[in-house]
Amino acid sequence: MTEQKVTILLVDDEKAIRRFLRTSLQGHGYEVVEAVTGQEALIAATEHRFDAIILDLGLPDMDGTEVTRRLREWSQTPIIILSVRSHENDKIAALDAGADDYLTKPFGAGELMARLRVSLRHAGHEDEEPVFTTGDLKVDLAHRQVWVGGVEIDLTPTEYDLLHMLVQHAGKVITHSQFLREVWGGAYEEESHLLRVNISNLRRKIEPDPNRPVYILTEPGVGYRLKA
Amino acid sequence: MKFLRYLLSLGLVALAVLAGWPFRSLIHPVNLVMLFLAVVVASAVFCGRGPAILASFISVFAFDYFFVDPRFSFSVADAEYLITFLGLLVVGLVVSGFASQVREQVLKLQAREAQTEALSALSRDLAVAGDMQTMLQAVVDHTSRSLASQAVVLTSEDNHLVVRLSSPGFTLSESEMETARLVFSSKEAHASAQQKTRFLPLTNPHSVVGVLGVKPVGKRSGFDTSQEKLFESFANLTGLAIERTLLAEQTNRLHMLSETEKLQTTLLNSISHDLRTPLVSIRGVLDSLLEVEQGSEDSPRLDPAARLDMLQNAREETIHLNRLVENLLDMTRLESGALKMHTEPSDIQDIIGSALAAMEESLRPRSVQVEIEPDLPLVEVDFVLVEQVIINLLDNALKYSSAGTPVEVFACRDECGIAVEVFDRGKGIPTDQLESVFSKFYRLKHSELTQGIGLGLSICKGIVEAHGGRIWAENRLGGGTKISFILPLRREKDGS
Numbered sequence: 000m001t002e003q004k005v006t007i008l009l010v011d012d013e014k015a016i017r018r019f020l021r022t023s024l025q026g027h028g029y030e031v032v033e034a035v036t037g038q039e040a041l042i043a044a045t046e047h048r049f050d051a052i053i054l055d056l057g058l059p060d061m062d063g064t065e066v067t068r069r070l071r072e073w074s075q076t077p078i079i080i081l082s083v084r085s086h087e088n089d090k091i092a093a094l095d096a097g098a099d100d101y102l103t104k105p106f107g108a109g110e111l112m113a114r115l116r117v118s119l120r121h122a123g124h125e126d127e128e129p130v131f132t133t134g135d136l137k138v139d140l141a142h143r144q145v146w147v148g149g150v151e152i153d154l155t156p157t158e159y160d161l162l163h164m165l166v167q168h169a170g171k172v173i174t175h176s177q178f179l180r181e182v183w184g185g186a187y188e189e190e191s192h193l194l195r196v197n198i199s200n201l202r203r204k205i206e207p208d209p210n211r212p213v214y215i216l217t218e219p220g221v222g223y224r225l226k227a
Numbered sequence: 000m001k002f003l004r005y006l007l008s009l010g011l012v013a014l015a016v017l018a019g020w021p022f023r024s025l026i027h028p029v030n031l032v033m034l035f036l037a038v039v040v041a042s043a044v045f046c047g048r049g050p051a052i053l054a055s056f057i058s059v060f061a062f063d064y065f066f067v068d069p070r071f072s073f074s075v076a077d078a079e080y081l082i083t084f085l086g087l088l089v090v091g092l093v094v095s096g097f098a099s100q101v102r103e104q105v106l107k108l109q110a111r112e113a114q115t116e117a118l119s120a121l122s123r124d125l126a127v128a129g130d131m132q133t134m135l136q137a138v139v140d141h142t143s144r145s146l147a148s149q150a151v152v153l154t155s156e157d158n159h160l161v162v163r164l165s166s167p168g169f170t171l172s173e174s175e176m177e178t179a180r181l182v183f184s185s186k187e188a189h190a191s192a193q194q195k196t197r198f199l200p201l202t203n204p205h206s207v208v209g210v211l212g213v214k215p216v217g218k219r220s221g222f223d224t225s226q227e228k229l230f231e232s233f234a235n236l237t238g239l240a241i242e243r244t245l246l247a248e249q250t251n252r253l254h255m256l257s258e259t260e261k262l263q264t265t266l267l268n269s270i271s272h273d274l275r276t277p278l279v280s281i282r283g284v285l286d287s288l289l290e291v292e293q294g295s296e297d298s299p300r301l302d303p304a305a306r307l308d309m310l311q312n313a314r315e316e317t318i319h320l321n322r323l324v325e326n327l328l329d330m331t332r333l334e335s336g337a338l339k340m341h342t343e344p345s346d347i348q349d350i351i352g353s354a355l356a357a358m359e360e361s362l363r364p365r366s367v368q369v370e371i372e373p374d375l376p377l378v379e380v381d382f383v384l385v386e387q388v389i390i391n392l393l394d395n396a397l398k399y400s401s402a403g404t405p406v407e408v409f410a411c412r413d414e415c416g417i418a419v420e421v422f423d424r425g426k427g428i429p430t431d432q433l434e435s436v437f438s439k440f441y442r443l444k445h446s447e448l449t450q451g452i453g454l455g456l457s458i459c460k461g462i463v464e465a466h467g468g469r470i471w472a473e474n475r476l477g478g479g480t481k482i483s484f485i486l487p488l489r490r491e492k493d494g495s
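Just so you know, the sequences run in chain order A and B. Take the first sequence: its position 133, counted from the start at 1, is 132 in numbering that gives the first Met the number 0, and no numbers get skipped. Take the second sequence: its position 319, counted from the start at 1, is 318 in numbering that gives the first Met the number 0, and no numbers get skipped.
Bound-form chain A, shown alone:
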């Protein structure tokens, strides 16, 4: 019996982009099913079980956010959104509707594969390691301890909560409102200055150079992402 291949649903109306993505994905050993419109994508998703969906936000028949919302009514398959710069609000809407991550066009195949791996891993519900490590940063989730280069760092409860959330979703983007909802509660969703100040403080404590952060990466206009 051959090993079951990971299958990806690829939704984009641009033929050239589908061709490039199909080649890259197949090159990495993924099975690819293509759809051109939102309607086609929704039908394909009911007929097949996909491991992940790559979805362009600018589809001819319906908004990618709408496709995400309808898929999320019954499916938890990871969705990665493709969009262009200056459409930050669309990206946020799609992420809030349940998309897992996004890529800004133009992007490289390497970036896509990295996002895909992260999303597949999170969807796989692998047992979370109690200790997370990236570069010199080490976070012990069981004991709420943080080290940078072997030196233990003292964080405020809010800073720790932020870092904890980043670690839980390591490699995935987290939107501003997701942070505010989860760390401060729904009533604080508009208080983005709280997030800015605490991220700034957190960076000062864990980043080697807070002016050019390497662990907590900014997704302009959308949110933050912890380097996986």
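Take the hints with a grain of salt, since some may be wrong.
As the list claims (entries may be wrong) - A short, non-exhaustive set of chain A residues, derived as facing chain B with CB atoms under 8 Å:
1. Arg195
2. Asn210
3. Thr217
Stated by the list, open to error - A few chain A residues that don't get close to chain B, going by computed Cβ distances all over 12 Å:
4. Gly28
5. Thr45
6. Glu72
7. Ala96
8. Met112
9. Arg116
10. Glu128
11. Val147
12. Val150
13. Gly170
14. His192
15. Asp208
No wet-lab data here; the hints were simulated from the structure. C-beta atoms are modelled at their ideal positions from N, C-alpha and C, and glycine is treated no differently.
Go by the hints and put chain B onto chain A.
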């Protein structure tokens, strides 16, 4: 008025009677006739022909009644007086004729002088009027003042006669509009019995350009000959002035059109050049690699290092291409007003870090020094747009300084807000061009660099100014450019 003048001539006769009465027994009555003659002449000069004739007749009767025996009766004792009566009457009539002619000529001269004055005042104002609106305003003002009327100017637009300007509160009824249209199409004056408003065509040597209408104010129902003439002269002057203004406007438009065309051509040239350059590299790299893959006989041999170099080159060019497209899009959005700002409290350190990350590949070969004052307050800005400003400034710093020189970014608190400065060690900007570098499609004169189409800095300016900030360029001591911008801190809400 007329009645008053007759009354005045009667008064003058009465005066002659009163003046002669004390001398009635001292002087021979025939000599007293001179008094009445003087009165007739005075009537002719001051009151006109009619009153003078009246004065002549009344004088004869008054002379007879008061001074000729028997007094206080019209009967005459001495028949010789009949000759005196006839003489007085004839002389009175003749003199009054001459005198009133002189009077009319004086009046005519005065009227002509007033007309000439009115005409020259109008042409003076028409000559200094720079545009159509000022010119028409002068026409309406002068016409209404000189003709004691309300005035209206109509011109043809797309073959429709429309009211361009009128005296305050003066509107044309539908039937008056109809007359105006008739005047316009026939190029001749038309009088309508029911209407007080009169129209004349505004003509120039080539065509009819409009219609001038006047409506006498008050009870007058029409104009006298001299007013009629003045009206015609006004219409002629206006027709020529409109023609002249139209020609001037047309010349202006043509000039602007050719300027715009020139700009568009320059823009298209530089955009297509800048779009094509990266494509040339990318296409070249891909073709070479394709040839290698296809393994034909004369295909080049490329060692792995050369291939890697080619691929990296192609990749960098796609980044340039993307940046150019983004800038063109931003420019279009700024220009069309479609740029929507999503401001939120933002950390300038975060924005700078994000811009540096976006430029990471281009910045890697350079030394980049970043200094940010600790504990800067948050600024209420659009994160993505301000990041774009810093990216453009970094991109410029790289483009206009040679490899190996450092690039620096500073941010600090300023009395007006938060200041960000980007420094390079390039050639700097000639002092006279420090401001113009922020205009659209501006490239440094005499620059050997042809890269870039002069969009980056103008976009920066647009974005910074949309945030209520300002941006400027300076030359550094020891060479190089410093570009600074200040973003105002969020203005405190009223009452807090």
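These are the hints, each one checked on the structure:
no., hint, in the structure
1, Arg195, "holds, 5 Å"
2, Asn210, "holds, 4 Å"
3, Thr217, "holds, 4 Å"
4, Gly28, "holds, 22 Å"
5, Thr45, "holds, 36 Å"
6, Glu72, "holds, 29 Å"
7, Ala96, "holds, 19 Å"
8, Met112, "holds, 16 Å"
9, Arg116, "holds, 21 Å"
10, Glu128, "holds, 27 Å"
11, Val147, "holds, 18 Å"
12, Val150, "holds, 21 Å"
13, Gly170, "holds, 16 Å"
14, His192, "violated, 4 Å"
15, Asp208, "violated, 8 Å"
The structure fails hints 14 and 15 (numbered hints given earlier, in ascending order).
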